[in-house]
Amino acid sequence: MDKKFIISGSPHIYAKDNVQRIMLDVVIALIPATLGAFYFFGLGAVRVFFVSVVTCLIFEYLIQKFLLKQKPTINDLSAIVTGMLLAFNVPSNLPTWVVIIGSLIAIGIGKMVFGGLGQNLFNPALVARVFLLISFPVYMTSWPKPIASAGQLSDVVTGPTPLGILKESGSISAASQTGELPSYVDMMLGNMGGSMGEVSAILLLIGAIYLLYRKVITLHIPLSYILTVIIFTGIFWLIDPTKYADPLFHLLTGGLILGAFFMATDMVTSPTSYRGQIIFGIGCGVLTALIRLFGAYPEGVSFSILIMNAFVPLIDRISYKHFGEVKA
Amino acid sequence: MLKTFPKGGVHPDDCKLTAKSPIFVATLPDKVYIMLNQSAGAPAVPIVKKGDKVKTGQLIAKGEAFISSNVHSPVTGTIDKIDPILDATGYKHQAIIINVEGEDTWEEGIDITNNLIKEIKATPQEIIEKIKNAGIVGLGGAAFPTHVKLTIPQGKVAEYLLINGAECEPYLTCDHRLMLEKPEEILVGTSIIMKALGVHRAFIGIENNKLDAIELLTKLAKDYNGIEVVTLKKKYPQGAEKQLIKAITGREVPSGKLPIEVGCVVQNVGTAKAIYDAVQKNMPLIERVVTVTGPNVSKPSNFLSRIGIPLKHLIELAGGLPEDTAKLISGGPMMGKTLSNTDIPLTKAMGGILLFPYNFSKRLDPYPCIRCGRCVHACPMGLEPFYLEKLVIKERWEDAEKHWIIDCMECGSCQYICPAKRPLLDYIRLGKNKVSAIIRSRKN
Chain Y
1 MDKKFIISGS PHIYAKDNVQ RIMLDVVIAL IPATLGAFYF FGLGAVRVFF
51 VSVVTCLIFE YLIQKFLLKQ KPTINDLSAI VTGMLLAFNV PSNLPTWVVI
101 IGSLIAIGIG KMVFGGLGQN LFNPALVARV FLLISFPVYM TSWPKPIASA
151 GQLSDVVTGP TPLGILKESG SISAASQTGE LPSYVDMMLG NMGGSMGEVS
201 AILLLIGAIY LLYRKVITLH IPLSYILTVI IFTGIFWLID PTKYADPLFH
251 LLTGGLILGA FFMATDMVTS PTSYRGQIIF GIGCGVLTAL IRLFGAYPEG
301 VSFSILIMNA FVPLIDRISY KHFGEVKA
Chain G
1 MLKTFPKGGV HPDDCKLTAK SPIFVATLPD KVYIMLNQSA GAPAVPIVKK
51 GDKVKTGQLI AKGEAFISSN VHSPVTGTID KIDPILDATG YKHQAIIINV
101 EGEDTWEEGI DITNNLIKEI KATPQEIIEK IKNAGIVGLG GAAFPTHVKL
151 TIPQGKVAEY LLINGAECEP YLTCDHRLML EKPEEILVGT SIIMKALGVH
201 RAFIGIENNK LDAIELLTKL AKDYNGIEVV TLKKKYPQGA EKQLIKAITG
251 REVPSGKLPI EVGCVVQNVG TAKAIYDAVQ KNMPLIERVV TVTGPNVSKP
301 SNFLSRIGIP LKHLIELAGG LPEDTAKLIS GGPMMGKTLS NTDIPLTKAM
351 GGILLFPYNF SKRLDPYPCI RCGRCVHACP MGLEPFYLEK LVIKERWEDA
401 EKHWIIDCME CGSCQYICPA KRPLLDYIRL GKNKVSAIIR SRKN
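Residue numbers (my numbering), protein chains in the order written: chain Y, 1 to 328; chain G, 1 to 444.
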């Protein structure tokens with residue numbers, strides 16, 4: 001026996017993909033909408049974006065190093081994804097100190113208290129967004145007007161979101177009469193009020209197509225989510241088109257596309273089986289439509305996804321089919 | 001649409017370096033080491049003693065238990081001793097060590113010509129008897145005694161015979177080359193098994209990365225009744241029994257049952273060839289085709305090698321052990337077992353000897369599971385590997401059992417695909433052992 005060999009269990013080869021690569025893909029997919037946000041909301045968006053990303057990284061590093069006394073793992077890029085998504089979910093005129101609190105909540109309460117990457121039950125960026133929405137409702141619901149605000153750091157012209165106008169007016173016909181609703185083309189491009197990353201459907205979809213191509217996400221969650229919202233809101237629209245907005249309006253406004261493709265598909269907080277993902281998507285869709293049509297808030301994407309996050313362990317247990325599960 | 005199994009599976013790179021290398025007859029070393037545990041089940045019992053002269057093909061150990069198989073001398077020579085040696089399991093087991101003395105003197109009754117004999121004279125009972133006497137075991141890797149597998153249990157009926165030519169493991173080409181070089185023997189062997197089982201239809205399943213073999217066998221199969229070649233879409237683990245049955249017949253073997261439950265019997269192409277040799281030529285199983293390969297092996301080859309040749313001899317024939325070899329694997333890279341040294345002799349179960357350099361062998365540091373679900377989608381058995389891993393770490397054996405941990409066939413797809421590089425299968429194997437022990441103790 002001249003040479004000793006390594007003894008290990010099979011398999012002996014591995015696929016190339018790794019966690020960093022998956023996170024990097026999400027970062028890449030978010031870039032078009034990031035640039036869109038910079039264009040529409042200008043310097044304010046740049047400020048919120050970088051404060052959010054950098055403070056998320058810092059908080060993750062500090063908590064791991066000094067509180068949990070473990071090796072910091074910020075090089076897995078997951079904190080950058082959280083930071084980007086948090087920035088996407090807030091208005092571009094949010095004061096810097098509120099953004100920093102948001103980062104602390106996202107990383108600290110959203111992720112680290114559960115044990116770090118992969119352990120959290122709820123989407124960290126959404127936990128922070130909902131925390132900020134409830135704690136700082138005024139800051140969180142003053143939406144800078146796009147383009148007009150682009151040159152400003154904080155003193156900006158604000159106005160309501162399309163969904164806000166709809167909720168305020170009580171019916172779509174009343175909302176139209178205000179003359180403040182953007183056209184469908186503007187909604188598609190992102191030229192409307194809203195959180196800085198959610199406004200441009202087209203730029204978000206470009207990123208989503210990249211994620212689908214890279215097989216980081218599949219269509220199961222986004223499609224079942226969006227179709228459910230379309231069907232649900234469509235039924236009410238058909239019943240009373242003067243009171244309820246049409247499905248296209250619901251699709252293009254608010255955070256539906258951002259939520260369906262980038263937040264609900266978060267691997268850690270969504271079911272693993274395709275069946276489970278469809279159940280999850282439908283659940284998100286029903287809740288979003290319910291909140292938008294009948295709830296107190298104009299928008300329901302964040303709440304819906306967080307509520308469905310809580311059901312993921314349950315959905316996982318009922319939704320997969322095992323080979324050989326046939327009558328013997 | 002090409003046929004394949006619907007659930008799970010992965011697509012590792014082919015790396016079939018030896019697909020175009022003809023089978024080369026390996027020379028004999030001075031000594032051969034014949035393990036007595038060549039098959040699953042009980043080891044064979046030696047019927048020779050130190051100093052006995054043996055001929056090539058002579059019976060030297062008998063499989064006496066129900067699940068056991070005969071062992072024959074692969075060489076002509078003298079019994080040196082019967083001693084325990086380190087084998088592929090990592091433990092010492094009994095082996096018959098024979099000094100090789102000159103050219104083969106064959107045991108009487110063995111036909112060593114290359115004449116193809118198509119006519120099958122033996123009755124079904126005689127076929128099973130001959131297979132048993134010849135010590136034939138499943139050559140796909142499991143080494144289950146073939147005569148036991150071909151004995152259909154009371155009350156069951158075999159309907160289809162499936163011949164496994166999928167060879168879905170990367171690197172391995174022994175079955176591929178055999179199909180190209182001994183196609184008629186495989187087809188006659190298939191007809192023999194059909195006769196033994198009393199079935200009228202047989203399918204030879206081959207993946208579409210072996211188009212030459214598919215073309216050749218499809219052409220030749222026209223002269224044989226009831227044999228059809230099925231082209232399968234390349235996907236690992238197509239060669240697993242239950243997945244092959246699902247791919248070809250659409251039938252799903254129920255959890256915990258054998259293929260016969262859905263009227264199927266699966267045999268490897270190499271086994272079909274060995275059965276031809278045994279029944280038509282009275283040739284016992286004393287040699288097999290083995291692929292010796294690896295990314296840095298200078299002459300990767302397919303050898304027709306006698307059983308009992310030490311692996312170092314075969315590795316020498318393939319250009320020697322590469323300097324940076326860190327892993328010696330018996331079998332393919334997905335399911336193969338690592339071996340501790342090159343003195344281990346070839347057994348009937350070994351279809352491939354794989355030499356991996358250090359940069360292939362080092363495991364990467366595991367990350368936390370991010371629940372991406374890739375293991376779930378890769379699992380051909382529809383299990384949740386990431387969840388089973390957690391249950392095993394928490395020692396929740398009952399929950400692991402409820403989540404079908406026993407159904408895991410250890411194909412390795414989950415661990416292969418995991419982006420967090422978690423040792424999923426290591427944990428699942430551990431869990432399987434624990435849970436099997438618990439189930440056994442419950443029965444007693």
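It is possible that part of the hints are untrue.
Quick list of in silico lysine to any residue cross-link-like pairs, SDA-like style, CA-CA up to 20 Å [to be verified]:
no.: 1; chain 1: G; residue 1: K233; chain 2: G; residue 2: K421
no.: 2; chain 1: Y; residue 1: K215; chain 2: Y; residue 2: V27
no.: 3; chain 1: G; residue 1: K421; chain 2: G; residue 2: E401
no.: 4; chain 1: G; residue 1: K421; chain 2: Y; residue 2: M267
no.: 5; chain 1: G; residue 1: K257; chain 2: Y; residue 2: H322
no.: 6; chain 1: G; residue 1: K49; chain 2: G; residue 2: A19
no.: 7; chain 1: G; residue 1: K421; chain 2: Y; residue 2: S8
no.: 8; chain 1: Y; residue 1: K321; chain 2: G; residue 2: D83
no.: 9; chain 1: G; residue 1: K362; chain 2: Y; residue 2: D17
Derived from the structure by calculation, the hints contain no laboratory data.
Hint-by-hint comparison with the structure:
Between K233(G) and K421(G) the CA atoms are separated by roughly 27 Å; this puts the pair beyond 20 Å, and the hint is violated. Taking the CA atoms of K215(Y) and V27(Y), the gap is near 14 Å; set against the 20 Å cutoff, the hint holds. Taking the CA atoms of K421(G) and E401(G), the gap is near 24 Å; set against the 20 Å cutoff, the hint is violated. For the proposed pair K421(G) and M267(Y), the alpha carbon gap of about 16 Å is at most 20 Å, so the pair holds.
Distance restraint check for K257(G) and H322(Y): the Cα-Cα separation of roughly 14 Å lies within the 20 Å cut-off, and the hinted pair is therefore satisfied. Straight-line distance between C-alpha atoms of K49(G) and A19(G) comes to about 41 Å, which puts the hinted pair past the 20 Å bound. As the CA atoms of K421(G) and S8(Y) are separated by approximately 14 Å, the hinted pair is consistent with the 20 Å bound. For the hint linking K321(Y) to D83(G), the alpha-carbon distance of about 49 Å lies beyond 20 Å, and the restraint is violated.
Straight-line distance between C-alpha atoms of K362(G) and D17(Y) comes to about 16 Å, which keeps the hinted pair within the 20 Å bound.
The structure does not agree with the numbered hints 1, 3, 6 and 8 stated previously, though it agrees with the rest.
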